[in-house]
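Let's have the full structure, built from the sequences with the hints guiding it.
These are the residues of each chain, in order.
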Amino acid sequence: EAGVTQSPTHLIKTRGQQVTLRCSPISGHTSVYWYQQALGLGLQFLLWYDEGEERNRGNFPPRFSGRQFPNYSSELNVNALELEDSALYLCASSFARLANYGYTFGSGTRLTVV
Amino acid sequence: AQSVTQLDSQVPVFEEAPVELRCNYSSSVSVYLFWYVQYPNQGLQLLLKYLSGSTLVKGINGFEAEFNKSQTSFHLRKPSVHISDTAEYFCAVSVSGGYNKLIFGAGTRLAVHP
Numbered sequence: 001e002a003g004v005t006q007s008p009t010h011l012i013k014t015r016g017q018q019v020t021l022r023c024s025p026i027s028g029h030t031s032v033y034w035y036q037q038a039l040g041l042g043l044q045f046l047l048w049y050d051e052g053e054e055r056n057r058g059n060f061p062p063r064f065s066g067r068q069f070p071n072y073s074s075e076l077n078v079n080a081l082e083l084e085d086s087a088l089y090l091c092a093s094s095f096a097r098l099a100n101y102g103y104t105f106g107s108g109t110r111l112t113v114v
Numbered sequence: 001a002q003s004v005t006q007l008d009s010q011v012p013v014f015e016e017a018p019v020e021l022r023c024n025y026s027s028s029v030s031v032y033l034f035w036y037v038q039y040p041n042q043g044l045q046l047l048l049k050y051l052s053g054s055t056l057v058k059g060i061n062g063f064e065a066e067f068n069k070s071q072t073s074f075h076l077r078k079p080s081v082h083i084s085d086t087a088e089y090f091c092a093v094s095v096s097g098g099y100n101k102l103i104f105g106a107g108t109r110l111a112v113h114p
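Protein chains in written order, with the numbering used here: chain A, 1 to 114; chain B, 1 to 114.
Keep in mind that the hints are not guaranteed to be accurate.
[Stated by the list, open to error] Cβ-Cβ distance ranges computed for the label pairs, FRET-style:
no., chain 1, residue 1, chain 2, residue 2, range
1, A, 39, B, 46, 22 to 30 angstroms
2, B, 111, A, 17, 33 to 41 angstroms
3, B, 70, A, 82, 29 to 37 angstroms
4, B, 8, A, 110, 21 to 29 angstroms
5, B, 80, A, 16, 22 to 30 angstroms
6, B, 82, A, 16, 41 to 49 angstroms
7, A, 12, B, 80, 47 to 55 angstroms
8, B, 42, A, 75, 37 to 45 angstroms
Don't read these hints as lab results, they were simulated from the structure. Yeah, the Cβ is synthetic: ideal placement off N, Cα and C, and Gly gets one too.
Laid out in structure tokens, this is it:
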């Protein structure tokens, strides 16, 4: 069974640009979670999607947005990139009603903003 | 609201020595508890979880954790560590039942020295 896959694995963007990160959950999982892991700041919760709807949002500005598609894959969009957006972006998935049984994480996308 | 405190940001230890990584949580209701490990430049991998039953939980790679309800703790232990255990370890909590997301601690960096 394929795990949670994220693409791209690495990318470099210039300040002010826009970026789209992608995540494919484990087959059958309907919930997708996005986390930002900046250097020394632990895991910061970004967004939670389930059945195509945004269920919860962390304390991030509106330029962080996303969506979930009918096949449960998800995109995270970041507009007007700032230097402090440089981080590892992690996606995780779970069965919605068993979310509290734990998540399965992807390997992440390393974003560098210069 | 639930929260997780990992009491040590860094734990240095020599190879083959025992180690304990501490985790305390706060919640007024029943919880599920998790430990995840993150190796450099990778996503998070589930080490073990406590959902119910025996308070001593055994996980992968020789790790175990004990749920102590009276002390609201879920400390992670390993009797003899290896160089390969060098990683970041995250404790997480969710409320049992319902539709809830995981809350992560800030992480503990375990550095195993030869």
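Each hint, compared with the structure:
1. One distance hint, 22 to 30 angstroms for the beta-carbon pair residue 39 of chain A and residue 46 of chain B, holds here, with the actual separation near 23 angstroms.
2. For residue 111 of chain B paired with residue 17 of chain A, a C-beta distance near 36 angstroms keeps the hint of 33 to 41 angstroms intact.
3. Judged by the Cβ atoms, the range 29 to 37 angstroms given for residue 70 of chain B and residue 82 of chain A is violated: they are separated by roughly 45 angstroms.
4. About 26 angstroms separates the C-beta atoms of residue 8 of chain B and residue 110 of chain A, a value consistent with the hinted range of 21 to 29 angstroms.
5. For the pair residue 80 of chain B and residue 16 of chain A, the supplied restraint of 22 to 30 angstroms is violated, since their beta-carbon distance comes to about 51 angstroms.
6. For the pair residue 82 of chain B and residue 16 of chain A, the supplied restraint of 41 to 49 angstroms holds, since their beta-carbon distance comes to about 45 angstroms.
7. Take residue 12 of chain A and residue 80 of chain B: their Cβ atoms lie about 41 angstroms apart, and the range 47 to 55 angstroms is violated.
8. Range check, residue 42 of chain B to residue 75 of chain A: Cβ separation about 22 angstroms, and the 37 to 45 angstroms hint is violated.
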